[in-house]
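Asks: Sequence:
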Amino acid sequence: MASGGVASAGVAAGEGHAAPRDYFELLKPRVMSLVIFTALVGLVRAPGDVHPVIAFTALLCIAVGAGASGALNMWWDADIDAVMARTRGRPVPSGRVTGQEALAFGLTLSAFSVVVLGLLVNALSGALLAFTIFFYVVIYTMWLKRSTSQNIVIGGAAGAFPPLVAWAAASGSVSLEPVLLFAIIFFWTPPHFWALALYRADDYARAGVPMLPVTAGPDETRLQILLYTLFLVPLAASPAFLGYAGLAYGAVSVLAGAWMIVLAVRVFRVREGEAAVKAAKGLFGFSIVYLFALFATLLGEAVISGLLR
1 MASGGVASAG
11 VAAGEGHAAP
21 RDYFELLKPR
31 VMSLVIFTAL
41 VGLVRAPGDV
51 HPVIAFTALL
61 CIAVGAGASG
71 ALNMWWDADI
81 DAVMARTRGR
91 PVPSGRVTGQ
101 EALAFGLTLS
111 AFSVVVLGLL
121 VNALSGALLA
131 FTIFFYVVIY
141 TMWLKRSTSQ
151 NIVIGGAAGA
161 FPPLVAWAAA
171 SGSVSLEPVL
181 LFAIIFFWTP
191 PHFWALALYR
201 ADDYARAGVP
211 MLPVTAGPDE
221 TRLQILLYTL
231 FLVPLAASPA
241 FLGYAGLAYG
251 AVSVLAGAWM
261 IVLAVRVFRV
271 REGEAAVKAA
281 KGLFGFSIVY
291 LFALFATLLG
301 EAVISGLLR
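Count the sequence shown with my numbering and you get residues 1 to 309, in order.
Fair warning: there could be bad hints in the mix.
[Claimed, not checked] EDC-like, lysine to aspartate or glutamate: derived pairs with alpha carbons at most 20 Å apart:
1) K281 to E220
2) K278 to E177
3) K278 to E220
In case anyone wonders, no lab produced these hints; they're calculated from the structure.
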């Protein structure tokens with residue numbers, strides 16, 4: 001398998017014929033929606049009152065930065081995306097957008113998001129956003145993804161930064177609470193993506209991506225999913241016990257976390273046939289609900305607290 005970048009341009013050497021929806025798809029809108037949501041939680045829970053224009057600017061820049069990262073990821077990974085059934089229809093490997101167009105689009109959006117956030121909000125948030133984009137594109141996409149089975153573990157930091165960036169945008173500083181939000185997303189990422197990788201292992205193997213099920217086998221992956229979940233659940237409940245969140249969050253984190261553990265145990269125990277695939281899909285699907293429930297509860301508590309002041 002050729003390395004990215006040069007190979008990516010070759011995959012999409014056609015004329016392009018891109019429609020606006022193709023450029024929108026380059027932004028990875030589903031990933032962007034999660035980024036916006038977790039950033040909103042960081043923004044709302046930060047101390048002090050944020051002017052609506054500053055809040056909108058911060059969320060817009062974080063969203064654009066996430067989209068820029070997605071476009072640059074698709075530019076570099078077009079060669080492996082073309083091999084995988086899940087990704088071969090993306091704009092670059094399908095030829096609807098050329099590699100050069102995706103690269104220019106991603107770089108332009110990256111510069112816009114970082115400069116605007118740094119100048120109009122504050123330098124700390126701009127610097128954190130720049131590092132987030134760099135980490136996702138260079139550290140994860142260009143290096144870790146193709147070189148180690150720990151790609152998702154380390155690379156997951158990129159997806160965990162948005163609430164930290166938003167907190168810095170709102171307050172001009174960083175404290176323990178946004179670091180906890182970062183840690184929750186960071187430790188949520190491996191069991192979430194490894195559950196997907198369990199039933200997409202053939203795709204990753206064909207593309208030469210060293211995901212854990214490919215390099216260490218499905219049984220070791222199941223064990224790692226269980227271990228990470230057992231660490232994640234008490235970590236996710238810790239904001240309530242440390243006084244950063246209320247009873248509602250405590251209840252949601254404990255109940256939803258208990259079900260996460262049940263599903264992780266099921267993935268660990270059920271290892272053969274369609275039942276194993278169903279167990280992995282069940283954990284993957286619920287993990288999204290789990291993270292959304294945690295952050296939605298944090299958001300709801302902050303909004304209610306603000307209304308009662």
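Asks: A separate judgement is required for each hint: does it hold in the structure or not?
Replies: We went through each hint and held it up to the structure:
A C-alpha spacing of about 17 Å is found between K281 and E220, which places the hinted pair at or below 20 Å, so the restraint holds. Restraint check for K278 and E177: not satisfied, since their Cα atoms lie roughly 36 Å apart, outside the 20 Å limit. Note on K278 and E220: the hinted pairing holds, with a Cα-Cα distance of about 18 Å set against a maximum of 20 Å.
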